[in-house]
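Trainee: Residue strings, one per chain:
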Amino acid sequence: MLRMLARRVLLGIVTVFLVSLIIFSGVEILPGDACTAYLEREAQGKLLENCRTELGLDRSASARYLDWASGAVRGDLGVSATGRKSIATLVGDRLKNTLLLAACALVVGIPLALFLGVVSALNRDRPADLIISTLTIFAMTIPEFVTATLLILVFSVWLGWVPGIVLTSAGAPVSEFFPEILLPIAVLAMVMTAHILRTVRSSVIETMASDYVQMAVLKGVPYWQMVFRHVLPNALLPTINVVALTVAWLLGGVVVIETVFNYPGLGRMMIDSISDRDLPVTQAIALIIATVYVAVNLLADLLTMLANPRLRTAQIRH
Amino acid sequence: MSKAIGVVAIAAISTLGLNTHLLAETSGTFRQAHELGFGDASSLDPIAKGRVFQITEKIMNRLVRPGLDGSPSADLATEWTSNEDATVWTLKLREGVRFHDGSEFDSADALYSLGRVLDPESDSPARSAVKMIEKAEAPDATTLVLTLNTPFADMPLQLMDYRLRMIPEGSGDSIASTGIGTGPFKVEKFDAQGTTVLAANMDYYEGAPGVEKMEVIGIADGQARLQALLGGQIDMERGITAQQRVMLDSSDKFNIQAIPTGNWRGLVFRTDVKPFDDVKVRKAVRLAADRQALVDLVTGGGAVVACDTPVEPNDQYRAAMTCEQDIAQAKALLAEAGYPDGIDVDVHVATLEPTWPILAEAYQQQAAQAGIRVNIKQVPSDGFWSEVWMKKDVSATRWNERPADQALHEIYLSTAKWNESYYNDPAFDELLASARRELDFEKRKAIYIQLQEHLWETAGTLIPYHVTKLVGTTARVGNLDEVKNDAVRWHKITVK
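Line by line, the protein sequences are chains A and B. Using this note's numbering, count along the first sequence one by one with no gaps and you end on 318. Using this note's numbering, count along the second sequence one by one with no gaps and you end on 496.
Don't take every hint at face value.
To be verified - Facing chain B, according to a computed beta carbon distance under 7 Å, are these residues of chain A, among others:
| hint | residue |
| --- | --- |
| 1 | Ala37 |
| 2 | Arg41 |
| 3 | Ala43 |
| 4 | Gly45 |
| 5 | Asp58 |
| 6 | Ser62 |
| 7 | Ala63 |
| 8 | Arg64 |
| 9 | Ser156 |
| 10 | Val157 |
| 11 | Ala170 |
| 12 | Asn262 |
| 13 | Leu306 |
These are calculated hints, taken from the structure and not from any lab test. Backbone N, C-alpha and C fix where the C-beta goes; we use that ideal spot for every residue, glycine too.
Turn these sequences into a full structure, and let the hints guide you.
Mentor: Right, here's the structure in full:
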């Protein structure tokens, strides 16, 4: 068990390392460098030289990569090209805000998805299931930015119930984000709920049709006892992975939501840094998001293994 | 008797005055957004690259500012005169004006503020506006004397630059965060990425402002800014697009102002390479453009046609010209230049400026009729200014507004750093210099017009239009001057 854990962690680290190489060389291949990108028309003469010295761009690519990568391991992500501020500090608040948004969406979305998923599976092909499944398809297929814009239009512009755009600054305490954060949470929770719900539904249906459940039914186990004691524990196992994938998507993929709602999170910071042509910041955020993605997936795999004896022992037998 | 009437009249007038003063009470909060163009480099230092002008314009004054008609009018300088050849300018400064920290504004502050821009080490982008100032002196507390290295009849115009704002002497190291100026509002809290709060400066020299608080909020995304305006979270948005206008026009909750600007986007053909080294080819490629169609297609009608002049539509020196598309003449010119079968042109664009690809495609269609076969090359936005612009033979370009003289100098003078078309015409250079020496306004205007007509005949830069800015406000906003950002009197604004 321990050996397998170590192997998975090691694999994760290798993945992050490879990703960092790809990000770094991607930025290297771009025409120009961080300084020409930032200075635009003024990129010439002394101004350019000063900028390059300050950001250490006058050294070889391999030396810069080693510096960047070793710094990142220590939590030092370098300085931004536009403000010459520590990226680690800049990212701090933004990461907190994105986590806040993701956490709220999860708290709303997961229970809702489990509940609705089970309800629609147990009422398979009956009106409740049809309604839930149809709404799910809508929530999954309409792009987030459309949902977001619609919600703003209805709840902020027409009804005036909640503010449409987040105007709170990145460093503000968590309490100040309410009620502005409600619409972004709603959009995220919607998409997330839809994805998890579908897995829960099909998994519960599958388990209900399995031999041991049939047996339980024949033996006269009361319906609700059967559902809670025998079906759900087995049916919900596969959803751990979907939840993990969704969490990873939440942390990286909220870019669109954050931009539409002007939410000061990591995703919007990435977009801002791209339009400011601030390459060091873009690079750092890409690395952070990749690391989170790998870490969350690793965690999900381990959780699934812990919860499922078959997978656990299969690994040990190898 | 008559004296008594006079006294009564004065009393009546002063009561009236008192009443109007009471009516114009300072109250309410006015909110607007800024596009966060400089991220965490945002600063309150008016001359820094990251200056947030939506804030500095409300907290600091200039020596000279544009009046509502765009001509130089008094701000912190009340009057100005020059010597006979326009090389020495003497400015009288306003007395009794105080900075937000209580200190009094005098010539030492003006000297210091200008000195920061003029310092060659400061590398401020504002320097190009006033680099003709060789020496600035302050003989007494209310007088400023500027000695120029060249005759310059329109020196006051240069001092109107939106960045040349007065700050207290010696505050250069702290101004980026304190923002202490003499303006109608003072900084209460500066947070570029979030909400910056400004409070009314009740001692403002033009009178107490109409609103108590101003909030300037960083919203990078244009769609988000529009949503914020629609939802009433902000009161003004200065970047409404033509498509969005329709939505606001149909509602009585919003008002729209259309403000012509000097900002332009265009195509630049290098005049030092074949075939554009031939003036006939240059004129042909410009004659092939249907400018009104470009305005309609690219900006949805939100622009004013330009005949390759960089001088903005409302500038006092703008030449009135017409420039209809003329395919026959374009063809004839190409044939004369030795290209009877037309020419092939690679036009380089990037999405850095979202309208470039559309502009290039529309031009491609128009120019094809004249035998100009345009091949659009889309290049990455990264490195556009360093690897493509001024390097490739033909590329897209964009400029923000400048006073006529400055625009002509920065874009067309043979020795200019950003002479993007490598335009080299000694006659033009000489004529341009003579305009600066000419103290008579009418004669000076005649020269500037002649210069623009010369460009229409010879230039390598296609300037199809100047963009019109649409300003949307909520209906509760009153007294917003219908002029460019730069000339708005912010203390006048009221909210219901």
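Trainee: Can you verify the interface hint for Gly45 of chain A: is its Cβ closer than 7 Å to any Cβ in chain B?
Mentor: With a closest approach of 9 Å, the Gly45 of chain A hint is violated.
Trainee: Restraint: Ala63 of chain A near chain B, CB-CB cut 7 Å. Satisfied or not?
Mentor: violated, 22 Å
Trainee: Verify the interface restraint on Asn262 of chain A: the C-beta must sit less than 7 Å from at least one C-beta of chain B.
Mentor: holds, 4 Å
Trainee: Grab the minimum C-beta distance from Arg41 of chain A to chain B and call the hint holds if it beats 7 Å, violated otherwise.
Mentor: holds, 5 Å
Trainee: Does the interface hint hold: is Leu306 of chain A within less than 7 Å of chain B, judged Cβ to Cβ?
Mentor: violated, 42 Å
Trainee: Is the interface hint satisfied for Val157 of chain A? The criterion is a beta-carbon contact with chain B at less than 7 Å.
Mentor: holds, 5 Å
Trainee: Once the shortest beta carbon distance from Ala37 of chain A to chain B is found, is it less than 7 Å?
Mentor: holds, 6 Å
Trainee: Under the criterion of a CB-CB separation shorter than 7 Å, is Arg64 of chain A in contact with chain B as hinted?
Mentor: violated, 17 Å
Trainee: Do the numbers back the hint for Ala43 of chain A, that is, is its least Cβ distance to chain B under 7 Å?
Mentor: Status holds, d = 5 Å.
Trainee: Per the CB criterion, is Ala170 of chain A less than 7 Å away from chain B?
Mentor: Ala170 of chain A check passes; min Cβ-Cβ to chain B is 6 Å, inside 7 Å.
Trainee: Given Asp58 of chain A was flagged as interface, is its beta-carbon under 7 Å from a beta-carbon of chain B?
Mentor: For Asp58 of chain A, the interface hint is violated, since the closest Cβ of chain B sits about 16 Å away, which is over 7 Å.
Trainee: Take the shortest C-beta to C-beta distance between Ser156 of chain A and chain B; is it under 7 Å?
Mentor: Given a least distance of 4 Å, the restraint on Ser156 of chain A holds.
Of the numbered hints given earlier, the model fails hints 4, 5, 6, 7, 8, 13; all others are met.
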